[in-house]
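Using the supplied hints, reconstruct the complex from the two chains, each of which is provided in its own coordinate frame.
Chains as they are written, first to last, in the numbering used here: chain G, 1 to 128; chain Y, 1001 to 1273.
You may find that some hints are simply not true.
Unchecked claim - A short, non-exhaustive set of chain Y residues, derived as facing chain G with CB atoms under 7 angstroms:
#	residue
1	Asp1067
2	Trp1070
3	Ala1084
4	His1088
5	Ala1106
6	Arg1114
7	Gly1140
8	Leu1213
9	Thr1261
Stated by the list, open to error - Now the in silico label distances, taken between C-beta atoms and shown as ranges:
#	chain 1	residue 1	chain 2	residue 2	range
10	G	Glu102	Y	Leu1175	49 to 55 angstroms
11	Y	Thr1030	G	Asn21	26 to 32 angstroms
12	Y	Glu1183	G	Asn21	30 to 36 angstroms
13	Y	Gly1255	G	Leu98	53 to 59 angstroms
14	G	Ala100	Y	Asp1064	42 to 48 angstroms
15	Y	Leu1172	G	Asn91	50 to 56 angstroms
16	G	Glu90	Y	Gly1041	29 to 35 angstroms
17	G	Asp89	Y	Asn1176	42 to 48 angstroms
18	Y	Arg1177	G	Arg93	41 to 47 angstroms
19	Y	Ala1170	G	Asp89	46 to 52 angstroms
No wet-lab data here; the hints were simulated from the structure. Just so you know, even glycine gets a beta-carbon here, dropped at the ideal spot from N, CA and C.
Read off the chains here:
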Amino acid sequence: MTDLDFRQGGPPPANGPGTTNLADILERVLDKGIVIAGDIKIDLLDIELLTIRLRLFVASVDTAKKAGIDWWETDPALSSRASRNALEDENRRLRERLQALEPATDEDRDPGPDRSARRTDSKETGQR
Amino acid sequence: MTHRAHRDQAPDTGVTYVFAVCRGTRATRTADVTGLVGMPGGAAVRLLPSGPLTAVVQTVPAADFTDEVWQSRLSDPREIERYARAHHEVVSAAAAHGPAVPLPLATLYHDDDRARRALDDEAHRFHRVLKRIAHHAEWGVKVYEPATAPEVAEPVTVGGGGLEAPAAGAGLAYLNRRRGVQERREQRRERALSVAESVDAELREVAAASRRLRTHGAVPGGDGRVHVLNATYLVAEHRSEELGVLVRGLGERTGAMIELTGPWVPYSFVGEV
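One chain only, chain Y, in its complex shape (with noise of 0.2 angstroms):
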């Protein structure tokens, strides 16, 4: 890993990447953020102090951060892995000690000069946020329709004779026999439908604000299951223990699968202010 010096970052070789926007630098302490890898082929992660405000920033190689090596990195699923997860590190170390404003991956300046001047610029917005996250987690909410039960197998029976017509009325009944299949596949979904509408409701009384996200649908080649909510809740730290009883209980009085993620650095609650 390379270590240059703050100074002597060349604006053709260095641009500033910014992961999260914190308070003062008593919040974010230098040890938060040393150590971390960051983006690959960056230099040391560090604190840019702006104002009241303090920036988790790291210089890294401009050739390799462009839109165009970005499309690239985009099309090799190992590779967006690799820098979601590193940001991803770097975001949750600098909340460690107070809150912290996570920026979308791959938000990119020309030098410590701009970044500052873009804190700068949106200072006031910054404060808003930091203030309502301060203290709350963010935490996802997966529930699950449970994996389809195999269908019991339909006897075969077309007659005794191998030749001979199928009895009258075998259409019939097998078409009722599909329908009903049907039919019971639409309840079980509009119940799992409905679990998730009340989960969501229950959930949303202890959250001091909550979002929806897109289901994943079923995963091919998963175990089946269809996933059937994903919301995400911005819980205060002294109710998230509350929260996770609400979702285990949830889940034994629904009989639904319920999956519980976090606690989350306020990503999803820090857009809209």
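With the rest of the complex left out, here is chain G (with noise of 0.2 angstroms):
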């Protein structure tokens, strides 16, 4: 059994750490592991999502800087203000269709709490 095979996965030794490329790390940890429920619920968004924008991130964020471009900033992947804003725009537009598909039940419903669902798991532990 070589350990060195499995060892090299990590930072190769002649490389020197951080030469392995982040997307192909990422891939990797961030939800391929085995499935197996942890007592708190960590919600790591749209991993597919999340990796390729930050890909794009590491490449392009000098190139897209000179260029004015600024996605990311409104990117519910990366910001988690965009995040909170891209749901309940989500949310508005979820209800607008309900409204639409439900015209004679309510006509001036006050929406309501929104987004409650994501964060009244009963395994999230709460801390603050």
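The following block contains the structure:
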């Protein structure tokens, strides 16, 4: 059994740490492990989206800055603030669709609290 | 770095982060994980035996590992990199002397007992996966379409004098030229995709299992390469050399740019058992 083989999955000794492509690491460490429920529910968002956006981010942040592009500030996968906005937008759109489908039921109903579902998981510890 | 005795961790200040699960303590030695930094702000990385299994764990401050904190962490690429690399480093070290099943980033339990219980509950799955990945490693293979050659500059011919109307048929010629460029581009892409398919088919022959990952596409501001295959293979240790030879041969034969990464701890082959 060669220890070397497994060990090199990490930063290859010849190149030193930090040289393994971050994108390669991310697509492996984020959601490819065995599925086992933890006590503390961490919502890592859309993994595929996150890795793709990060990859673009890492590669192109300078280029993008020069071009005046700042999509990551409003991108749900990269900004928690934007993520909230996106959820609110989505909720609003869903409510609009619902009202369009059921126009007779309630014309001017108050939307009420939204996005409660994600945070009320019973497994979540709730430490602040 | 704070070293906290395992016994006195107060449940409201420390939680147990699990990196990987290995066979008994003989397969993974304390020496393999001592000195590893692990998660930023955590105590020493240590082994947590549980029956015939051993988890590689770390006590981390509960307040730093809530969903909320992770959400803000995920909006900072440098932070993600830091935590992902830290996780990867520990997982790789855990697999130094035997198979290790990596758990996904941010797998957390309230305390050691809870982690142990989770291991016990899933023990048969862990054993099955450990058996499957023993003496195997994961290898990533990426195939790129070569960088687009610069298109031949179109000669601008609008007649002799500046104000004259273009010669008859100039518009049609232009359209034909554009169509030709488009067709060539599509042909190149189709060729690259078929190379990708045959590379994958040949590599599957030496692999115990394979998975296709999402391709990365073209990187804006990158070198213009287009990623056409992102696959990963579970390969027995005694065939890893064969894999390397095959990849080199495929590169020469097809002219495609093929990138081989690994060996990795078999992250991509522990989830579906």
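Against the structure, the hints come out as follows:
Given the 7 angstroms rule on beta carbons, the hint for Asp1067(Y) holds: about 5 angstroms separates it from the nearest Cβ of chain G. Contact between Trp1070(Y) and chain G, as hinted, is supported at the beta carbon level, the nearest pair being about 5 angstroms apart and thus within 7 angstroms. Here the hint on Ala1084(Y) is kept, as its CB sits about 5 angstroms from the closest CB of chain G, short of 7 angstroms. With 7 angstroms as the threshold, the beta carbon of His1088(Y) comes within range of chain G, its nearest partner Cβ sitting at about 5 angstroms, so the hint holds.
Proximity of Ala1106(Y) to chain G holds as hinted, the smallest CB-CB distance being about 4 angstroms (cut-off 7 angstroms). For Arg1114(Y), the interface hint holds, since its Cβ comes within 7 angstroms of a Cβ in chain G; the closest pair sits about 5 angstroms apart. With a least beta-carbon distance of about 6 angstroms to chain G, the hint placing Gly1140(Y) at the interface is held under the 7 angstroms criterion. Because the beta carbon of Leu1213(Y) sits about 6 angstroms from the nearest beta carbon in chain G, less than 7 angstroms, this interface hint is met.
For Thr1261(Y), the interface hint holds, the least distance from its beta-carbon to any beta-carbon of chain G being 6 angstroms, beneath 7 angstroms. Separated by about 51 angstroms at the C-beta atoms, Glu102(G) and Leu1175(Y) satisfy the suggested range of 49 to 55 angstroms. Checked against the given bound of 26 to 32 angstroms, the beta carbons of Thr1030(Y) and Asn21(G), roughly 30 angstroms apart, stay inside it. Separated by about 34 angstroms at the C-beta atoms, Glu1183(Y) and Asn21(G) satisfy the suggested range of 30 to 36 angstroms.
Taken as a hint, the range 53 to 59 angstroms holds for the pair Gly1255(Y) and Leu98(G), whose Cβ atoms sit roughly 55 angstroms apart. Judged by the Cβ atoms, the range 42 to 48 angstroms given for Ala100(G) and Asp1064(Y) holds: they are separated by roughly 44 angstroms. Here the CB-CB span from Leu1172(Y) to Asn91(G) is close to 52 angstroms, well matched to the stated 50 to 56 angstroms. Checked against the hint of 29 to 35 angstroms, the C-beta distance between Glu90(G) and Gly1041(Y) comes to roughly 34 angstroms, which is consistent with it.
At about 45 angstroms, the CB distance of Asp89(G) to Asn1176(Y) agrees with the hint of 42 to 48 angstroms. Between Arg1177(Y) and Arg93(G) the C-beta distance comes to about 44 angstroms, which sits within the given range of 41 to 47 angstroms. The given range of 46 to 52 angstroms is respected by Ala1170(Y) and Asp89(G), whose C-beta atoms sit roughly 48 angstroms from each other.
Violated hints: none; the structure is consistent with every hint.
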